[in-house]
Each structure stands twice: as C-alpha cells, then as structure tokens.
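*Asks:* Can you make the complete structure from the sequences, with help from the hints?
Number of protein chains: 2
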Amino acid sequence: MESVKDLLVEIKEKSELIVDLAYSALIFDSEDMAKEVESLEREMDDLVYKIRIKTMLAANNIEEAEQLSGILQVADAAKNIANAATDIVYLLDVDITMRPFLPSIFSKADEKLHVVMVSDRSSIVNRTIGDLNIEAETGVRVIAIKRGKRWIYDPDGDVRIKAGDVLIIRGTEDGYQFMERVARGEESWD
Amino acid sequence: MESVKDLLVEIKEKSELIVDLAYSALIFDSEDMAKEVESLEREMDDLVYKIRIKTMLAANNIEEAEQLSGILQVADAAKNIANAATDIVYLLDVDITMRPFLPSIFSKADEKLHVVMVSDRSSIVNRTIGDLNIEAETGVRVIAIKRGKRWIYDPDGDVRIKAGDVLIIRGTEDGYQFMERVARGEESWD
Numbered sequence: 000m001e002s003v004k005d006l007l008v009e010i011k012e013k014s015e016l017i018v019d020l021a022y023s024a025l026i027f028d029s030e031d032m033a034k035e036v037e038s039l040e041r042e043m044d045d046l047v048y049k050i051r052i053k054t055m056l057a058a059n060n061i062e063e064a065e066q067l068s069g070i071l072q073v074a075d076a077a078k079n080i081a082n083a084a085t086d087i088v089y090l091l092d093v094d095i096t097m098r099p100f101l102p103s104i105f106s107k108a109d110e111k112l113h114v115v116m117v118s119d120r121s122s123i124v125n126r127t128i129g130d131l132n133i134e135a136e137t138g139v140r141v142i143a144i145k146r147g148k149r150w151i152y153d154p155d156g157d158v159r160i161k162a163g164d165v166l167i168i169r170g171t172e173d174g175y176q177f178m179e180r181v182a183r184g185e186e187s188w189d
Numbered sequence: 000m001e002s003v004k005d006l007l008v009e010i011k012e013k014s015e016l017i018v019d020l021a022y023s024a025l026i027f028d029s030e031d032m033a034k035e036v037e038s039l040e041r042e043m044d045d046l047v048y049k050i051r052i053k054t055m056l057a058a059n060n061i062e063e064a065e066q067l068s069g070i071l072q073v074a075d076a077a078k079n080i081a082n083a084a085t086d087i088v089y090l091l092d093v094d095i096t097m098r099p100f101l102p103s104i105f106s107k108a109d110e111k112l113h114v115v116m117v118s119d120r121s122s123i124v125n126r127t128i129g130d131l132n133i134e135a136e137t138g139v140r141v142i143a144i145k146r147g148k149r150w151i152y153d154p155d156g157d158v159r160i161k162a163g164d165v166l167i168i169r170g171t172e173d174g175y176q177f178m179e180r181v182a183r184g185e186e187s188w189d
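These protein sequences, in sequence, are chains A and B. Residue numbers are given in numbering that gives the first Met the number 0: position 63 of the first sequence equals residue 62, and the series is strictly consecutive. Residue numbers are given in numbering that gives the first Met the number 0: position 1 of the second sequence equals residue 0, and the series is strictly consecutive.
Honestly, the hints are just simulated from the structure, not real lab data. Computed from a prediction, not measured in an experiment: that's the story for all the values here. No false leads were mixed into what you were given.
If several chains are the same, the list does not tell them apart, and a pair holds so long as it fits within one copy or across any two.
Within a straight-line C-alpha distance of at most 27 Å, the following computed BS3-like cross-link-like pairs (lysine-lysine) qualify: (1) Lys111 <-> Lys145; (2) Lys49 <-> Lys4; (3) Lys34 <-> Lys145; (4) Lys34 <-> Lys161; (5) Lys4 <-> Lys111; (6) Lys145 <-> Lys161.
*Replies:* The following block contains the structure:
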C-alpha cells in the first residue's frame with residue numbers, strides 16, 4: 000500500500016499545482032509556462048496509469064477492491080482537473096486575437112500573484128529557499144522561478160536563488176513588498 | 000465588457016476554491032463540506048451560462064466574437080475543473096468502505112491544512128477577519144469556518160469570529176502554531 004499512498008499524494012499535489020500554473024501561464028501570457036502545464040498533464044497520465052496497476056495488484060478480494068476503488072475515483076478526478084487546466088493553456092497555442100483581454104482581466108483580479116526580479120545586489124542570491132525559509136518568514140510562496148529560458152516549478156527547499164532569477168510568488172501584499180525590496184537589494188534579508 | 004470580466008474573475012476564483020474544498024471535504028470526511036462543493040458546482044453552472052449569454056450579446060462582428068471565444072474557453076475549462084472536483088466529494092455520498100484510507104493519506108500529506116477551535120477565552124472572539132488582517136499578520140488563510148451546523152466558505156473580511164467557531168486554515172507551521180495558541184486563549188492576539 001505504501002506506494003499507492005505516495006502516488007495518490009503526488010497526484011493530488013500535481014492537480015492543485017497545475018490549476019495554479021495554468022492560470023499563471025495565462026496571466027503572464029507565457030508559452031514556456033504553458034509547455035510546463037502540458038508536461039505536468041503527461042506526468043499525471045503516467046501517475047494515474049501506475050496507480051491503476053498498483054491498486055489492481057493490491058486487491059485480493061472484493062472487500063479490498065471496494066476500498067481501493069475510492070482511490071481510483073480520486074485519481075481519475077485529479078486527472079480530469081489536470082486535463083481541464085490544460086485546456087486553459089491551449090489558448091496560448093493559438094492566435095493572440097483569442098486572448099487579448101485575459102492577462103489584464105486576471106492580473107487585476109489576482110492581487111496575490113506577483114513577479115519579482117532578483118538583482119545581483121540582493122542578499123538572497125546564492126541562498127536556498129529552504130535555508131531562507133521564505134514561506135514561514137514572509138508569508139509568500141515561490142510558485143515558480145524563471146532562470147534564463149528555463150522554468151523551475153514548485154521549487155524544493157534545496158533550490159538556490161541566482162542573480163537574474165525571476166520569481167513568481169503568491170502571498171500577502173506585505174510579504175510581496177518585502178520580497179520586492181530584498182530582491183532589488185534595497186533591504187537586507189536578515 | 001465590465002460584467003463579462005467580473006463573471007470570469009468569479010469563475011476563476013470559484014474553480015480554485017472548489018478544488019481546495021473538495022480535497023478538504025475528503026480529509027475531514029465532512030458531508031457538510033461535500034454539500035457546499037456540490038452547491039458551488041451549481042453556482043459555477045449558472046455563472047458559465049450567464050457568461051455565454053453575455054459574450055454572445057457583446058460580439059458585434061467576427062473579430063469581437065473571436066476575441067470573446069477565448070473567454071468562453073477559460074470558462075468551460077473552469078467548469079470542467081469544478082465538475083471533476085465534485086467527483087471527488089461524491090465519494091462521501093457512498094458507503095464508507097470506499098474511502099477508509101483517504102483522510103489519513105491526505106491529512107499526513109497536506110501539512111499546511113489545519114483545524115483550530117476558537118475558545119470563548121480567545122482574544123479574537125468578536126473581531127472581524129479583515130480587522131485582524133489574519134493573512135498578512137500570520138501567513139495563514141482562513142479557508143472555511145464551521146459555526147454550529149453551518150459552514151462559511153472563503154469568508155470575507157467582514158466576517159466576525161465567534162466563540163465555538165471551528166476554523167479551517169491553510170498556511171505556514173509557525174502561523175498555525177500562533178493561531179492555535181491565540182484560539183485557545185493561551186496567547187493574546189495583540
């Protein structure tokens with residue numbers, strides 16, 4: 000059962016992340032983010048396939064099969080959430096005439112989503128997200144980092160912040176204002 | 000266009016909230032929360048119907064219709080997200096044998112979701128969420144309040160906290176620890 004649990008937790012977390020990222024892709028009009036959403040959806044398909052196999056192998060009798068069917072129902076729902084989120088980013092594959100208002104509609108609505116650029120003068124350069132303990136210290140969560148042409152989504156604690164990083168953060172207005180000053184090197188982290 | 004915008008923002012926000020609530024209903028094994036998810040899904044259906052009518056009336060030529068079609072695509076995707084989220088809570092309508100592991104699997108995984116009971120000795124009793132500025136001050140967000148048999152979801156700033164309220168909060172561990180002490184009356188808010 001252990002790995003069925005791990006798979007289900009991963010499926011749940013990816014289904015939440017993909018909704019966040021899909022709207023973010025639209026708000027930032029970012030084809031790179033859209034590609035990551037599509038790649039997350041493929042990972043979800045793999046995970047759901049794996050959990051189906053594992054649950055079938057785990058069920059030895061009708062009672063166990065009934066218990067495990069609930070897990071499959073959640074997994075399928077999470078997969079459908081991911082599919083629907085991906086429909087949002089397909090808009091970015093088509094002509095821009097279909098989405099002229101969308102970034103401005105949503106960016107005004109979602110006041111908790113911000114973009115912060117890390118200057119080489121910032122005191123957070125070369126420190127890890129976990130070491131800084133950003134979420135606990137500031138109330139904002141780093142949902143993605145754009146580094147050159149590459150994106151790092153839902154970064155782990157061991158990811159080290161570099162000069163030039165673009166951080167996509169979600170959180171309180173105060174937390175954002177602080178992160179903005181720190182990232183510009185106008186205020187020290189400590 | 001103004002009301003199409005407002006409708007779309009409401010649709011986006013409800014689609015994010017419903018995913019959060021659906022998993023929460025499972026974690027807390029709460030039929031009340033499940034009923035609210037189902038009611039949110041019906042509200043989504045109404046909103047999507049309204050936005051279809053509004054966009055059709057707003058389009059005067061093929062160019063405008065193309066621009067508006069992107070809005071319908073996002074609204075449909077949000078509706079599908081809500082439908083999928085509702086599939087998760089249908090598990091709560093059926094026999095408990097289908098979901099014996101689920102609350103424990105997810106509650107261990109989602110360390111950011113907590114339940115806090117407000118004692119009549121707490122200094123936050125009779126103060127509003129907006130006045131306390133809970134999210135900015137503590138880094139935790141109140142996602143729902145259970146008051147007697149009633150649930151208040153995604154409470155606005157003018158909601159006043161009462162003795163006996165059960166707060167469902169999401170946020171940092173430090174923020175949760177603080178809220179827990181304050182709710183028990185062991186520490187003063189100010």
